[in-house]
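**Q** Residue strings, one per chain:
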Amino acid sequence: MGTHLSEIFSQSLTAREQLKTKLGVLELNTPLTVASGTFDLENLEFFDPSCLGAFVCKTITKEPQKGNPQPRLYETEAGLLNSIGLQNPGLDLFIAEKLPKYREVLEMPLIVSFSGSSIDEFAEILMRLEACSGISGYEVNISCPNVENEGIAFGISEEIVYKLVQRLSSMTERELCIKLSPNVTDIAAIAQAAEAAGASSIALINTLYGMAIDYQTGVSRIKKGIAGYSGIGIKPTALALTYKTAQAVKIPILAMGGIYSWQDALEFIWAGASAIAIGTANFVNPLSAFEIIMGLGEYLLARNLKLQDIKGGVTI
Amino acid sequence: MGTHLSEIFSQSLTAREQLKTKLGVLELNTPLTVASGTFDLENLEFFDPSCLGAFVCKTITKEPQKGNPQPRLYETEAGLLNSIGLQNPGLDLFIAEKLPKYREVLEMPLIVSFSGSSIDEFAEILMRLEACSGISGYEVNISCPNVENEGIAFGISEEIVYKLVQRLSSMTERELCIKLSPNVTDIAAIAQAAEAAGASSIALINTLYGMAIDYQTGVSRIKKGIAGYSGIGIKPTALALTYKTAQAVKIPILAMGGIYSWQDALEFIWAGASAIAIGTANFVNPLSAFEIIMGLGEYLLARNLKLQDIKGGVTI
Amino acid sequence: MNNPQYRQRAIQAREELTDDYFILWIWDEAWGAAVRPGQFFEIRALASLEDAQVAGHIPKLFKPISIYDNQGGRIGFMIKNVGKGTNALSKLRAGDMLELLGPAGNGFPVYRGKHALLISGGIGYPPMWYLQKELINHNQVYWMHGGATQGDTFPCDEIFTEDGSIGKKGRVCDGLKENIAKYDIDIVYSCGPLPMLAAATAITQELAIEHYASLEAYMACGIGVCYGCVIPVGSALNWDYLRVCKEGPVFKAEEVRWELI
Amino acid sequence: MNNPQYRQRAIQAREELTDDYFILWIWDEAWGAAVRPGQFFEIRALASLEDAQVAGHIPKLFKPISIYDNQGGRIGFMIKNVGKGTNALSKLRAGDMLELLGPAGNGFPVYRGKHALLISGGIGYPPMWYLQKELINHNQVYWMHGGATQGDTFPCDEIFTEDGSIGKKGRVCDGLKENIAKYDIDIVYSCGPLPMLAAATAITQELAIEHYASLEAYMACGIGVCYGCVIPVGSALNWDYLRVCKEGPVFKAEEVRWELI
Ligand SMILES: Cc1cc2nc3c(=O)[nH]c(=O)nc-3n(C[C@H](O)[C@H](O)[C@H](O)COP(=O)(O)OP(=O)(O)OC[C@H]3O[C@@H](n4cnc5c(N)ncnc54)[C@H](O)[C@@H]3O)c2cc1C
Ligand SMILES: Cc1cc2nc3c(=O)[nH]c(=O)nc-3n(C[C@H](O)[C@H](O)[C@H](O)COP(=O)(O)OP(=O)(O)OC[C@H]3O[C@@H](n4cnc5c(N)ncnc54)[C@H](O)[C@@H]3O)c2cc1C
Ligand SMILES: Cc1cc2nc3c(=O)[nH]c(=O)nc-3n(C[C@H](O)[C@H](O)[C@H](O)COP(=O)(O)O)c2cc1C
Ligand SMILES: Cc1cc2nc3c(=O)[nH]c(=O)nc-3n(C[C@H](O)[C@H](O)[C@H](O)COP(=O)(O)O)c2cc1C
Ligand code: FES
Ligand code: FES
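Protein chains in written order, with this note's numbering: chain A, 1 to 316; chain B, 1 to 316; chain C, 1 to 261; chain D, 1 to 261.
Possibly wrong hints are sitting among the right ones.
What the hints assert, rightly or not - Taking lysine-lysine and the BS3-like style, the derived pairs with C-alpha atoms no more than 30 Å apart in a straight line are: (1) D:Lys84 to C:Lys84; (2) B:Lys98 to C:Lys252; (3) D:Lys114 to D:Lys252; (4) A:Lys66 to A:Lys223.
Claimed, not checked - If you want a taste of the chain A side facing chain D, the calculated C-beta under 7 Å gives, among others: (5) Glu42; (6) Gln87; (7) Gly90.
As the list claims (entries may be wrong) - Simulated coverage check for chain B against chain C, where a stretch passes if three residues somewhere in it have a Cβ under 8 Å from a Cβ of chain C: (8) 43 to 49; (9) 82 to 94.
Keep in mind that the hints were calculated from the coordinates and are not lab data.
Glycine residues also receive a C-beta, built at the ideal position from the N, C-alpha and C atoms.
Produce the entire structure from the sequences given, and follow the hints as far as they go.
**A** Put into C-alpha cells, the structure is as follows:
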C-alpha cells in the first residue's frame with residue numbers, strides 16, 4: 001500500500017468526496033468512527049484526526065462508576081476479553097471537564113455514549129446532555145442491567161427497547177444511535193423495535209460473552225468470570241449480525257466487531273453498514289484508523305466507486 | 001510433551017483410571033468425544049481410537065438431505081465457516097448401512113446425533129433408533145427450523161425444548177443429550193428446560209452465526225450467506241456459555257467450541273464440563289484427539305488428580 | 001482403496017518454476033507404490049499448536065494439492081501461490097517438514113490403446129503431468145494447456161494464453177473441437193477452472209466423447225467427513241452433492257451438473 | 001507531561017543476560033531527552049496485518065516494558081521471557097524493528113540529599129537501574145534485589161534468593177527493616193511482584209517512611225484509554241481505581257489498597 005499513499009494524498013479531495021457517508025441526521029466526512037471505550041484524545045496523537053468521520057466517547061452513566069476489580073483484561077488467541085464495568089467519572093464531571101476538552105480539540109462530530117439503569121435515568125441523562133452544546137449525537141448503550149426488570153439487560157427485550165427509544169427520540173433532534181448487544185436470539189427484531197420507536201441509526205455489535213481460565217490453576221483470567229469478547233475472533237459473528245440487521249431495518253448501521261483492516265471494513269460495508277467503528281484494533285495497531293481510511297480510499301479510487309455504490313451490495 | 005509420551009504409555013492404566021468420566025447414564029473411558037459432523041471412521045486411521053470416550057456421528061434426519069449449494073466452507077482468521085445444510089443419507093440408509101459399520105468398527109459407545117422438523121418427527125426417529133442395537137445414546141440437535149413454529153429453530157424456545165425433550169425422554173433409557181445453540185439470549189434457561197424435561201446431559205455449543213464476504217467483489221464466501229462459525233475464535237464464548245450452563249443445571253455437560261489443545265480442554269473442565277468434544281480441531285490437526293488425551297493424562301498424573309477433582313472447580 | 005493416512009515428511013528438494021509456481025518433492029516409497037494419477041494429498045507446512053499459544057499463530061487448514069509426479073516414491077507437488085495456505089507452502093525450503101493426509105480421492109481411470117486428449121488450464125496442469133506419464137506407453141496422448149499468460153504455461157503439445165504472450169492467443173477450449181477431430185480422440189481428461197471444464201464438457205458431450213474432469217472445491221477435512229467440498233453430480237432430474245475429496249476429484253464430465261455450480 | 005507517541009525503531013543492539021533475560025537497545029534522541037525513570041513503553045515486534053491475512057498470524061497487544069537505561073537517547077529495555085508477548089520480543093535481533101508507544105506513565109519522583117533505599121524483585125529490576133543512575137549523584141543509594149534463584153539476580157548492593165543459590169537465602173523484604181535502620185533511610189522506591197510490594201509497604205508504613213512503589217497490571221492500550229489496568233488507590237474508605245499506565249505505574253505505597261487487589 002505504501003507506494004500509493006502519496007497518490008491518495010494528492011487526490012485527497014476526490015477521495016474525501018467518495019468516502020462521505022450519512023449516519024442518520026449526521027453527514028460524516030469518512031465512514032470511520034471509533035468504538036466506545038477503546039479510544040480517546042490520546043489516540044489522536046498517532047494519526048491525522050481527519051481520518052475519523054465521528055468521535056464516540058466512552059459510555060458515561062449518571063453517577064460515577066468505580067468499575068470492576070482486577071484483572072479486567074485478558075488477550076485470547078484471537079481477541080480480547082474485557083471487564084471494565086463501565087468505570088467512568090459520571091455525568092457531572094463529564095459535562096464539567098471532559099466535554100469542554102472534546103469541544104476544544106475535536107473537529108469532527110462528537111457522539112456521546114451513555115447508559116442508565118432505568119428508562120427514567122436514560123431520559124434524565126439525555127435531558128442534561130441536550131442542554132450542552134458541541135454534541136452531535138448519542139450512542140445509547142443498552143447492554144446494561146435494568147433495575148426495573150430484575151436486572152436483566154435492557155437490550156434483550158424488544159418491548160423495553162421500544163419504550164426506551166420512544167422516550168429518548170421524543171426528546172432530541174440529534175442523532176440517536178442505539179447500540180445493540182449480540183448476546184440475543186434475534187438482534188434484527190430488536191433493531192426493528194428501535195427503528196419503530198424513532199432511532200435514527202443502529203450501532204452493533206457490543207461484545208460477545210467470553211471467558212478464559214488459567215488451565216494450570218483453574219483461576220478465571222478475569223476477576224468477574226464472564227467478560228466481554230472483542231477483536232478479530234468475533235468478526236464473522238459481527239458481520240453476520242450486521243447483514244441480518246441490514247436486511248431488517250432502513251435506518252443506517254454503524255458496524256463494528258473485529259475490524260482490523262480496510263478489507264475487514266469493506267466486508268461490513270458490503271454487508272450493509274453505512275459507517276464502521278474500530279475498537280480492539282486501536283490496541284493492536286495504533287495506526288489502524290489511518291491505514292483503514294487509506295485502504296478504503298485507494299480501493300474506491302482505483303474502481304472509481306463511492307461508498308454508497310457498494311453499501312449493502314453483497315451478493316448472496 | 002514428546003519426551004513424556006512413553007512415560008504416559010507405561011502408566012497408561014493409571015492414567016485411564018484418572019480420565020474416566022460419566023456423561024449421564026454413560027461411563028466413558030476418557031472425557032474426549034468428537035463434535036457431530038467433523039469426524040467419522042476415516043479419522044480413526046490417524047490415532048489410537050481408545051483415545052475417545054465416545055463417538056458422536058453426523059446428524060441424521062428422517063429423510064435424506066441434499067444439503068446446501070457450494071461454496072459451503074470458508075476459513076476465517078481464527079476459525080471456520082460452514083454451511084453444510086445437514087446433508088445426510090436419511091434414517092433408513094443410516095440404519096441399513098452406516099450403523100452396522102459403526103457396530104463393527106467402534107469399541108466405544110456410539111452416540112447418534114439426529115434432528116427433526118417437528119416434535120413428532122424427532123419422536124419417530126428416536127423410536128426407530130430405539131429398535132436398533134449398538135447405540136448407547138442420542139445427541140439431539142435442536143438448532144434446526146421447526147415447521148410447526150414458523151420455521152423458527154427449536155432451540156430458541158424454552159417451552160418447545162421442554163415439550164420436545166419430555167416426549168423423547170419418556171421413550172428411552174439410553175443417554176439423552178440435548179445439543180444447544182449459542183445463538184440465544186439465555187442458554188442456561190434452555191438447558192434448565194431440557195433438564196427439567198428429563199434430558200440426561202447437555203451438549204454445547206453448536207456453531208455461532210458467522211459470515212465472510214470477498215472484500216473485492218462483495219460476494220459472500222458462503223453461498224447461503226450466514227453460516228455456522230466454529231474453531232478457536234469461538235472458544236471464549238463457548239467457555240462462557242459452558243460456565244453459565246454449569247451454574248444452572250446438575251446434569252453433565254459435554255462441552256465444545258474451539259477446543260484445539262489439552263490446555264483448552266482443561267479450561268472447559270474447570271468451567272464445569274464432564275466431557276469435551278473436538279470439532280474443527282480435527283481438520284486443523286488430525287492428531288488433536290491423541291495430543292489432547294496425552295496432555296490431559298500427563299497433567300493429571302503430574303498432579304495426582306482425577307478429572308472429577310477439577311471439574312467445575314474454576315475460581316472466580 | 002486405502003484410507004488416507006497422516007504422515008510428516010521432510011521436503012527433499014524444492015524447484016522454482018515461473019512466477020508463483022514451485023515444486024516440493026518428498027520421499028515415501030509406500031505412498032509411491034500406492035498412489036494413482038488424479039489423486040491428491042492434503043498438505044500443510046508443519047504447524048504446531050505451541051505456535052498458537054505462544055505467538056498467536058493459529059493453525060490453519062490443510063490444502064489439497066494433486067500429485068504432480070511420482071518416481072517410485074519421489075513424489076512431487078507443483079504448487080501455485082494464490083492465497084494464505086499456498087503462500088505458507090511457498091515459504092518452505094528443502095529440509096522443512098510437511099504434514100500430509102492422503103492419498104485422497106479416486107484418480108483418473110487409465111486405459112490402453114486410446115487416443116487420449118489432455119486439457120488443462122492454469123493450476124490444472126500438475127495432475128496431467130503424472131497422468132500423461134501413466135498413459136504414454138500404451139496410448140496416443142495429445143496435451144493442450146492454457147493459461148492467462150506465459151508464466152502460467154508449462155511443457156505440453158499445444159499452448160494457449162489469454163494475452164497471446166506465448167502459443168495461441170485465446171482459451172484452451174478454443175482448440176478442443178478441432179483437435180478431437182484432428183487426433184481422432186476417443187477419451188478426454190481435463191483439469192482446470194470450472195468454466196473451462198464446463199466449456200470442455202459442452203464440446204465432448206456434443207461429440208459424445210468419453211470425458212473425465214478433475215474438479216476443485218474448498219476443503220476442510222479432505223477425507224470425506226465434513227461434506228464441505230461437494231459438487232452436484234447425476235442426471236438433471238436426479239442428482240446429489242458428491243464429495244470432491246472422496247467420490248472425486250475426477251468425475252464423468254457429463255454427470256456433473258455444471259449449471260448448478 | 002507529553003502524550004505517548006507511536007514510533008518504529010530498529011533494534012540497535014541486543015544483549016544476552018542470564019537465563020530468559022535479555023536487553024534490547026534502540027536509539028531515539030528526542031525520547032532520550034524526554035523520559036524519566038519509572039516510565040515505560042508499550043513495545044512489540046513490528047507486526048503486519050498482512051501476516052494476519054496471509055498466514056493466520058493475528059497481531060497481538062503491545063507489552064509494557066520499563067525503561068532500563070537511557071544514555072542520551074540510547075534507550076535499553078531489559079526483558080524477561082515469561083509468555084506470549086515477551087517470547088515474541090525474545091526472538092528479535094539487532095536490526096529487527098520494534099513498535100513503541102510511549103513514554104507512558106508518571107515515573108518516580110526524584111529528590112536530592114536523601115538516603116534512598118531501592119528494593120526490587122525479579123523483573124522489577126530494570127526501572128531501578130535507570131532510577132539509581134538518576135539518584136546517585138545527589139543521594140545516598142542502597143539497592144536490595146531479590147529473585148527466585150541466581151539467574152534472577154543482577155548487580156546491586158545486596159542480593160536475596162529464595163533458593164539461596166546466591167546472596168542471602170530468603171525474600172528481599174526480609175532485610176528491609178534492618179537496612180532502613182542501618183542506612184538511615186528516608187525514602188524507599190520499590191518495584192516487583194505485588195506480594196513483595198505489599199510486604200514492603202507494611203514495613204515502610206509501620207516506620208512511616210516515604211515509599212513509592214511501581215505496580216504492574218495487564219494492559220491493553222497503555223495510554224489511559226481503556227481503563228483495563230487499574231488498581232485501587234486512596235484511603236480505605238475512599239478509593240478509586242486508577243490506571244497503572246496513566247496515573248501510575250508509580251504510586252505512593254500507603255495509598256495503594258493492597259488488601260483489595
Ligand atoms: C483436488 C484438488 C487438487 C489441487 N491440486 C493443486 C495443485 O496441484 N497445485 C496447486 O497449486 N493447486 C492445486 N489445487 C488448488 C489449491 O488447493 C488452491 O489453490 C488452494 O487451496 C488455495 O488456498 P489458499 O489458502 O492458498 O488460497 P485462499 O486464500 O483460500 O484463496 C486465495 C484466492 O484464490 C481463490 N481460490 C481459492 N481456492 C481456489 C480454487 N480452488 N480455485 C480457484 N481459485 C481459488 C480465492 O477465491 C481467493 O481469491 C487443487 C485443488 C483441489 C481441490
Ligand atoms: C509498567 C510495567 C513495566 C514493566 N516493565 C518490565 C520490564 O522492564 N521488563 C520485563 O521483562 N517485564 C516488565 N513488565 C512485565 C511485562 O509487561 C510482562 O511480563 C508481560 O506483559 C507479560 O506478557 P506475556 O505476553 O509475555 O506473558 P503472558 O502470556 O501474558 O503471561 C505469561 C505468564 O506470566 C504471567 N504474567 C503475565 N503478566 C504478568 C505480570 N505483569 N506480572 C507477573 N506475571 C505475569 C501470567 O499469569 C502467565 O502465567 C512490566 C509491566 C508493567 C505493567
Ligand atoms: C476495553 C473495552 C472497553 C469497552 N467499553 C465500552 C463502553 O464503555 N461502551 C460500549 O458501548 N462499548 C464498549 N466496548 C465495546 C466496543 O465499543 C465494541 O462494541 C466491541 O469491542 C466490538 O468491537 P471491536 O471488536 O472492534 O473491539 C468496549 C470494548 C473494549 C475492548
Ligand atoms: C463442517 C461442520 C459440520 C458440522 N455438522 C454438524 C452436525 O451435523 N450436527 C451438529 O450438531 N453439529 C454440527 N457441527 C457443529 C459441531 O459439532 C460443533 O458443535 C461446532 O463446530 C463447535 O465446535 P468446534 O469449534 O470444536 O468445531 C458441524 C461443524 C462443522 C465445522
Ligand atoms: S473436504 Fe470434507 S468431505 Fe471433502
Ligand atoms: S492499559 Fe488502557 S488504561 Fe491502562
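**Q** Decide, hint by hint, whether the structure agrees.
**A** Here is how each hint holds up against the structure:
At most 30 Å may separate the alpha-carbon atoms for a hinted pair to count; lysine 84 (chain D) and lysine 84 (chain C) meet this at roughly 23 Å. A hinted pair counts as satisfied when its Cα atoms are at most 30 Å apart, and lysine 98 (chain B) with lysine 252 (chain C) qualifies at roughly 26 Å. The hinted pair formed by lysine 114 (chain D) and lysine 252 (chain D) meets the criterion: a straight-line CA distance of about 17 Å does not exceed 30 Å. About 15 Å separates the Cα atoms of lysine 66 (chain A) and lysine 223 (chain A), which keeps this hinted pair within 30 Å; it holds.
Contact between glutamate 42 (chain A) and chain D, as hinted, is supported at the beta carbon level, the nearest pair being about 4 Å apart and thus within 7 Å. For glutamine 87 (chain A), the interface hint holds, since its Cβ comes within 7 Å of a Cβ in chain D; the closest pair sits about 5 Å apart. Violation of the interface hint for glycine 90 (chain A) is found here, the shortest Cβ-Cβ separation to chain D being roughly 12 Å, above the 7 Å cut-off. For a cut-off of 8 Å, the count of residues in the region 43 to 49 of chain B with a CB near a CB of chain C stands at 3, and the three-residue condition holds.
Only residues whose C-beta sits within less than 8 Å of a C-beta in chain C count toward coverage, and the region 82 to 94 of chain B has 3 of them, enough to reach three; the restraint holds.
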